[in-house]
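Asker: Construct the entire structure; sequences and hints are all you get.
Those protein sequences? They're chains A and B, same order as listed.
Using full-length UniProt numbering, read the first sequence as starting at 1 and increasing by one per residue.
Using full-length UniProt numbering, read the second sequence as starting at 1 and increasing by one per residue.
Bear in mind the hints are in silico, worked out from the structure with no lab data behind them.
Take the hints with a grain of salt, since some may be wrong.
What the hints assert, rightly or not - Some, not all, of what chain B presents toward chain A, calculated at C-beta under 10 Å:
| # | residue |
| --- | --- |
| 1 | G38 |
| 2 | N40 |
| 3 | F85 |
| 4 | V97 |
| 5 | E112 |
| 6 | R184 |
| 7 | A187 |
| 8 | N201 |
To be verified - Below are the DSS-like pairs computed for lysine-lysine, each with C-alpha atoms no more than 25 Å apart in a straight line:
| # | chain 1 | residue 1 | chain 2 | residue 2 |
| --- | --- | --- | --- | --- |
| 9 | B | K171 | B | K263 |
| 10 | B | K99 | A | K99 |
| 11 | A | K186 | A | K129 |
| 12 | A | K208 | B | K205 |
| 13 | A | K268 | A | K205 |
| 14 | B | K129 | B | K196 |
| 15 | A | K129 | B | K99 |
| 16 | A | K235 | A | K11 |
| 17 | A | K208 | B | K208 |
| 18 | A | K205 | B | K208 |
| 19 | A | K208 | A | K171 |
| 20 | A | K11 | A | K263 |
| 21 | A | K196 | A | K186 |
| 22 | A | K11 | A | K129 |
| 23 | A | K196 | A | K129 |
| 24 | A | K99 | B | K129 |
| 25 | B | K171 | B | K205 |
| 26 | B | K171 | B | K235 |
Idealized CB from N, CA, C, for every residue including glycine.
Here is how the chains run, residue by residue.
2 protein chains.
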Amino acid sequence: MTQAQLQPLRKLRLGAFIMATGHHIAAWRHPGAQADAGVNIDHYIELAQTAERGLFDQVFVADSPGIWHQGDRESFSRQGRLSHFEPVTLWAALSAVTKHIGFVATASTTYEDPYLLARKFASLDHISKGRAAWNVVTTSAENVHGNFGLDAHPDPALRYERAHEFVDVVKGLWDSFEDEAFIRDKASGVYFDPDKLHALNHIGKHLKVKGPLNIERPPQGHPVIVQAGSSEDGKELAAATAEAIFTAWTSLAEAQAFYKDVKGRLAKYGRRPDQLLVLPGISPVIGRTEEEAQAKWAELQALIHPSVGLATLAPFWPGEDLSKWDLDARPPYIPEPPKGIHSRAHVVLELARRERYTVRQLYEYLAGARGHWVVVGTPVQIADRIQEWFENGAADGFNIMPPVLPQSLNEFVDLVVPELQKRGLFRTAYEGTTLRENLGLERPASRYAEPQAKAA
Amino acid sequence: MTQAQLQPLRKLRLGAFIMATGHHIAAWRHPGAQADAGVNIDHYIELAQTAERGLFDQVFVADSPGIWHQGDRESFSRQGRLSHFEPVTLWAALSAVTKHIGFVATASTTYEDPYLLARKFASLDHISKGRAAWNVVTTSAENVHGNFGLDAHPDPALRYERAHEFVDVVKGLWDSFEDEAFIRDKASGVYFDPDKLHALNHIGKHLKVKGPLNIERPPQGHPVIVQAGSSEDGKELAAATAEAIFTAWTSLAEAQAFYKDVKGRLAKYGRRPDQLLVLPGISPVIGRTEEEAQAKWAELQALIHPSVGLATLAPFWPGEDLSKWDLDARPPYIPEPPKGIHSRAHVVLELARRERYTVRQLYEYLAGARGHWVVVGTPVQIADRIQEWFENGAADGFNIMPPVLPQSLNEFVDLVVPELQKRGLFRTAYEGTTLRENLGLERPASRYAEPQAKAA
Numbered sequence: 001m002t003q004a005q006l007q008p009l010r011k012l013r014l015g016a017f018i019m020a021t022g023h024h025i026a027a028w029r030h031p032g033a034q035a036d037a038g039v040n041i042d043h044y045i046e047l048a049q050t051a052e053r054g055l056f057d058q059v060f061v062a063d064s065p066g067i068w069h070q071g072d073r074e075s076f077s078r079q080g081r082l083s084h085f086e087p088v089t090l091w092a093a094l095s096a097v098t099k100h101i102g103f104v105a106t107a108s109t110t111y112e113d114p115y116l117l118a119r120k121f122a123s124l125d126h127i128s129k130g131r132a133a134w135n136v137v138t139t140s141a142e143n144v145h146g147n148f149g150l151d152a153h154p155d156p157a158l159r160y161e162r163a164h165e166f167v168d169v170v171k172g173l174w175d176s177f178e179d180e181a182f183i184r185d186k187a188s189g190v191y192f193d194p195d196k197l198h199a200l201n202h203i204g205k206h207l208k209v210k211g212p213l214n215i216e217r218p219p220q221g222h223p224v225i226v227q228a229g230s231s232e233d234g235k236e237l238a239a240a241t242a243e244a245i246f247t248a249w250t251s252l253a254e255a256q257a258f259y260k261d262v263k264g265r266l267a268k269y270g271r272r273p274d275q276l277l278v279l280p281g282i283s284p285v286i287g288r289t290e291e292e293a294q295a296k297w298a299e300l301q302a303l304i305h306p307s308v309g310l311a312t313l314a315p316f317w318p319g320e321d322l323s324k325w326d327l328d329a330r331p332p333y334i335p336e337p338p339k340g341i342h343s344r345a346h347v348v349l350e351l352a353r354r355e356r357y358t359v360r361q362l363y364e365y366l367a368g369a370r371g372h373w374v375v376v377g378t379p380v381q382i383a384d385r386i387q388e389w390f391e392n393g394a395a396d397g398f399n400i401m402p403p404v405l406p407q408s409l410n411e412f413v414d415l416v417v418p419e420l421q422k423r424g425l426f427r428t429a430y431e432g433t434t435l436r437e438n439l440g441l442e443r444p445a446s447r448y449a450e451p452q453a454k455a456a
Numbered sequence: 001m002t003q004a005q006l007q008p009l010r011k012l013r014l015g016a017f018i019m020a021t022g023h024h025i026a027a028w029r030h031p032g033a034q035a036d037a038g039v040n041i042d043h044y045i046e047l048a049q050t051a052e053r054g055l056f057d058q059v060f061v062a063d064s065p066g067i068w069h070q071g072d073r074e075s076f077s078r079q080g081r082l083s084h085f086e087p088v089t090l091w092a093a094l095s096a097v098t099k100h101i102g103f104v105a106t107a108s109t110t111y112e113d114p115y116l117l118a119r120k121f122a123s124l125d126h127i128s129k130g131r132a133a134w135n136v137v138t139t140s141a142e143n144v145h146g147n148f149g150l151d152a153h154p155d156p157a158l159r160y161e162r163a164h165e166f167v168d169v170v171k172g173l174w175d176s177f178e179d180e181a182f183i184r185d186k187a188s189g190v191y192f193d194p195d196k197l198h199a200l201n202h203i204g205k206h207l208k209v210k211g212p213l214n215i216e217r218p219p220q221g222h223p224v225i226v227q228a229g230s231s232e233d234g235k236e237l238a239a240a241t242a243e244a245i246f247t248a249w250t251s252l253a254e255a256q257a258f259y260k261d262v263k264g265r266l267a268k269y270g271r272r273p274d275q276l277l278v279l280p281g282i283s284p285v286i287g288r289t290e291e292e293a294q295a296k297w298a299e300l301q302a303l304i305h306p307s308v309g310l311a312t313l314a315p316f317w318p319g320e321d322l323s324k325w326d327l328d329a330r331p332p333y334i335p336e337p338p339k340g341i342h343s344r345a346h347v348v349l350e351l352a353r354r355e356r357y358t359v360r361q362l363y364e365y366l367a368g369a370r371g372h373w374v375v376v377g378t379p380v381q382i383a384d385r386i387q388e389w390f391e392n393g394a395a396d397g398f399n400i401m402p403p404v405l406p407q408s409l410n411e412f413v414d415l416v417v418p419e420l421q422k423r424g425l426f427r428t429a430y431e432g433t434t435l436r437e438n439l440g441l442e443r444p445a446s447r448y449a450e451p452q453a454k455a456a
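Answerer: Set out below in structure tokens:
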């Protein structure tokens with residue numbers, strides 16, 4: 001056996017979740033942060049090029065088609081993620097100044113139109129030469145519906161029902177032209193074969209869409225489908241349609257259980273476990289020594305204004321005026337967690353009850369990356385945790401959530417990526433030219449392709 | 001008086017209407033055309049950089065949110081504009097590889113959503129640092145409504161009524177944050193002033209939109225508003241809201257009448273004539289000699305397959321099978337032109353009747369640029385015509401419609417632009433950094449600005 005053959009075949013996938021000023025709640029105040037990041041194109045160009053230098057598979061931004069609003073006037077005035085680019089336009093711009101990295105854009109099946117959405121993602125896939133992905137969300141924010149003329153936010157069951165239909169319609173629109181539809185023979189004057197153009201003619205419960213789409217099949221067949229909800233509905237949507245799932249866990253055991261759960265749901269949709277990549281979030285605070293890492297973490301935590309910290313806790317104490325609380329005492333009372341999907345409430349109230357956290361400790365816990373997994377340590381320590389999850393059935397890779405941008409992404413690329421490469425876990429060069437090729441995902445056949453072509 | 005003071009103050013505006021393979025109906029077959037232009041990003045990068053080299057104000061693409069379909073199967077298979085980028089994603093990509101040129105994206109008030117549209121244009125304006133423009137269309141194509149779940153295409157009166165409301169809503173959303181809303185003081189931790197954030201709370205006849213928009217005010221205040229319809233409704237929408245109007249005339253007298261007409265409509269909206277630029281289309285076929293230009297034109301016309309030519313005439317002979325006609329005879333009969341807005345029908349049927357054009361001559365007339373003004377000649381001859389219209393109340397500038405792309409745009413930049421500069425008609429360097437600055441258009445004040453700021 002050669003050395004190359006001894007290398008593990010399964011490769012770690014890395015995405016950079018590049019949220020404006022960074023994932024720490026007070027990131028924008030840090031000297032290493034770009035304060036106007038949300039609308040600073042040069043900042044995002046730097047981030048994408050840094051992630052590409054680090055051989056990341058993709059960059060990602062979250063999104064909501066409305067304003068992110070939490071807390072009272074005081075805390076609202078101090079939060080740094082109010083004003084930001086629309087994801088698809090941002091990625092289109094960055095695709096022109098990068099060559100390899102993929103682009104995951106979040107877009108809502110509840111509030112967008114399927115024809116326009118199919119079109120803009122197909123366009124992005126052509127513009128980037130096969131590097132587009134769609135993070136399918138149903139939008140959980142409850143202050144968005146008014147922007148779209150609705151009197152109420154549709155409930156989750158309805159949103160997910162529409163999402164299944166919506167994704168199917170979008171995939172159908174992407175297949176409007178078969179791969180071989182265009183001939184473009186200047187001599188004969190024949191441009192395309194009308195037999196290879198298909199109108200969708202979809203009439204469903206939520207949507208009515210005729211088609212065809214006015215752009216040829218994307219280079220990847222379909223842009224990669226990503227899903228990021230960990231509710232029952234979210235897991236089922238992922239099992240049915242997604243090729244990568246972004247998720248949030250803070251312990252190996254929970255992550256393993258989730259991994260097994262979602263992979264186990266694929267068979268009933270006729271899919272294999274390797275057709276859905278599970279990518280938990282991790283927010284690494286990196287120091288050359290453990291002390292340096294801890295000092296960095298403390299520096300960040302000290303930047304949290306109490307009103308901003310308390311605003312993160314307010315949803316768990318509904319109706320309560322938290323501004324009167326003593327930050328260094330325990331909360332005056334601990335309510336029962338609400339029933340249903342809000343798992344962060346359970347974690348926070350459990351910490352308050354069992355671990356006897358103070359108010360400040362509670363909000364500092366949430367401050368790192370909104371409850372995502374924060375790892376404070378040296379490059380070796382961070383690589384250890386990544387390797388542990390990757391090799392023990394908890395992750396196919398990670399969504400790296402740098403606490404401060406651009407600084408923390410640079411540190412990860414310069415310090416942690418080489419450590420992962422040294423261990424043979426991560427690539428030393430891009431394998432392909434499209435995002436699918438780099439992620440090891442198949443190019444889907446068109447729904448209109450001949451059976452033999454479909455099987456090939 | 002110095003030489004500089006003698007230069008005319010009024011400057012010629014030039015836009016490049018860069019439609020995929022070019023404006024001639026058979027352009028894609030020409031050796032100088034990029035046959036897969038509609039989805040070839042490298043082609044569009046070259047075009048935008050060429051237009052910027054030529055100091056153009058802006059580039060522009062037309063658009064319809066559906067497939068462009070005309071004629072029977074035979075002619076359909078031979079037309080070259082079926083598959084193309086979505087304009088805003090395309091311009092976002094090109095803005096990252098250019099510095100000065102503006103980007104006019106077409107988007108429909110009939111089929112798009114105002115919140116998402118406001119957001120993507122604001123995003124494009126930030127990404128391009130102030131170089132975005134929106135060509136407001138109501139979509140005249142009658143095969144699009146099915147893509148959006150509608151059973152019929154709304155009639156023009158309804159579409160234009162919605163368009164007025166839609167543009168007002170979009171402008172209101174762009175004003176959500178006042179210009180001075182963001183403080184971003186790392187030391188104090190104050191990011192923005194909530195008093196400078198405004199929800200629109202619009203409830204109108206066609207739209208209900210709460211807001212605020214989740215992106216700060218665009219660098220240009222509002223992206224430049226463009227309008228391209230020459231119907232009564234279109235002229236009125238332009239007078240009420242637009243800052244540039246794209247139009248199509250083939251004679252100086254008609255263009256002068258139109259110019260006077262639209263400029264005369266501004267006063268009732270409290271606007272000055274210089275706040276709306278009139279930009280007719282011109283498709284120049286350029287040769288170093290007149291013979292060379294005529295030979296180029298003949299070469300292009302010879303590339304038209306008869307089925308493609310006849311498809312351009314079919315709408316004027318409804319119900320008739322044109323494929324049996326003798327191309328080199330006159331049409332067997334000439335119907336009355338339809339009543340209403342379809343002015344191209346009048347021109348074509350008039351040529352058939354009075355000028356006794358043959359079938360081939362008729363479709364060759366339409367083939368150049370779908371009835372726009374085609375000028376075949378030397379750089380001096382073309383500059384003469386441009387100067388004549390510009391100096392005689394017919395145009396504030398032109399939308400250049402190259403017959404073949406990229407070839408004809410290169411020829412215009414290399415041969416005609418220097419001639420216009422030599423005559424002192426056109427700039428020799430960009431005046432500003434935003435599209436508004438280059439076009440000499442004011443930056444609009446926010447509707448929420450204090451009166452004194454508004455007046456400034």
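Asker: Next, verify each hint and record whether it holds.
Answerer: Going through the hints against the structure:
1. For B/G38, the interface hint holds, since its Cβ comes within 10 Å of a Cβ in chain A; the closest pair sits about 8 Å apart.
2. Below 10 Å, beta-carbon pairs count as interface contacts, and B/N40 has one with chain A at about 8 Å; its hint therefore holds.
3. Restraint check, B/F85 versus chain A: the minimum CB separation of about 5 Å is within 10 Å; hint holds.
4. The beta carbon of B/V97 comes within 5 Å of a beta carbon in chain A, closer than 10 Å, and the hint placing it at the interface holds.
5. Interface restraint check for B/E112: the shortest CB-CB distance to chain A comes to about 7 Å, inside 10 Å, so the restraint holds.
6. Hint status for B/R184: holds, given a least beta-carbon distance of 4 Å to chain A, under 10 Å.
7. About 8 Å separates the beta-carbon of B/A187 from the nearest beta-carbon of chain A, less than 10 Å, and the hint is met.
8. Because the smallest distance between the Cβ of B/N201 and any Cβ of chain A comes to about 9 Å, under 10 Å, the interface hint for this residue holds.
9. Taking the CA atoms of B/K171 and B/K263, the gap is near 22 Å; set against the 25 Å cutoff, the hint holds.
10. Distance hint between B/K99 and A/K99 is fulfilled; the C-alpha atoms sit about 20 Å from each other, no more than 25 Å.
11. Taking the CA atoms of A/K186 and A/K129, the gap is near 24 Å; set against the 25 Å cutoff, the hint holds.
12. Restraint check for A/K208 and B/K205: satisfied, since their Cα atoms lie roughly 24 Å apart, inside the 25 Å limit.
13. At roughly 23 Å between alpha-carbon atoms, A/K268 and A/K205 fall within 25 Å of each other, so this suggested pair holds.
14. Our distance criterion of 25 Å between C-alpha atoms is met by B/K129 and B/K196, whose separation comes to about 22 Å.
15. For the given pair, A/K129 sits about 23 Å from B/K99 by alpha-carbon distance, which is consistent with the 25 Å threshold.
16. In summary, the hint linking A/K235 to A/K11 is supported, as the alpha carbons are separated by about 23 Å, within the 25 Å threshold.
17. For a cut-off of 25 Å, the pair hint linking A/K208 to B/K208 stands: about 22 Å separates their Cα positions.
18. A threshold of 25 Å between alpha carbons decides the hint, and for A/K205 with B/K208 the separation of about 24 Å falls inside it, so the pair holds.
19. Of the supplied pair hints, the one linking A/K208 and A/K171 holds, its CA atoms being roughly 14 Å apart against a limit of 25 Å.
20. The hinted pair formed by A/K11 and A/K263 meets the criterion: a straight-line CA distance of about 17 Å does not exceed 25 Å.
21. Straight-line distance between C-alpha atoms of A/K196 and A/K186 comes to about 19 Å, which keeps the hinted pair within the 25 Å bound.
22. Using a Cα cut-off of 25 Å, the hinted pair A/K11 and A/K129 holds, with the two alpha carbons roughly 23 Å apart.
23. Using a Cα cut-off of 25 Å, the hinted pair A/K196 and A/K129 holds, with the two alpha carbons roughly 22 Å apart.
24. Proposed proximity of A/K99 and B/K129 is supported: the alpha carbons are some 23 Å apart, at most 25 Å.
25. For the hint pairing B/K171 with B/K205, the CA-to-CA distance comes to about 17 Å; that is within 25 Å, so the pair holds.
26. As the CA atoms of B/K171 and B/K235 are separated by approximately 19 Å, the hinted pair is consistent with the 25 Å bound.
Figure legend: structure checked against the earlier numbered hints; every hint is met.
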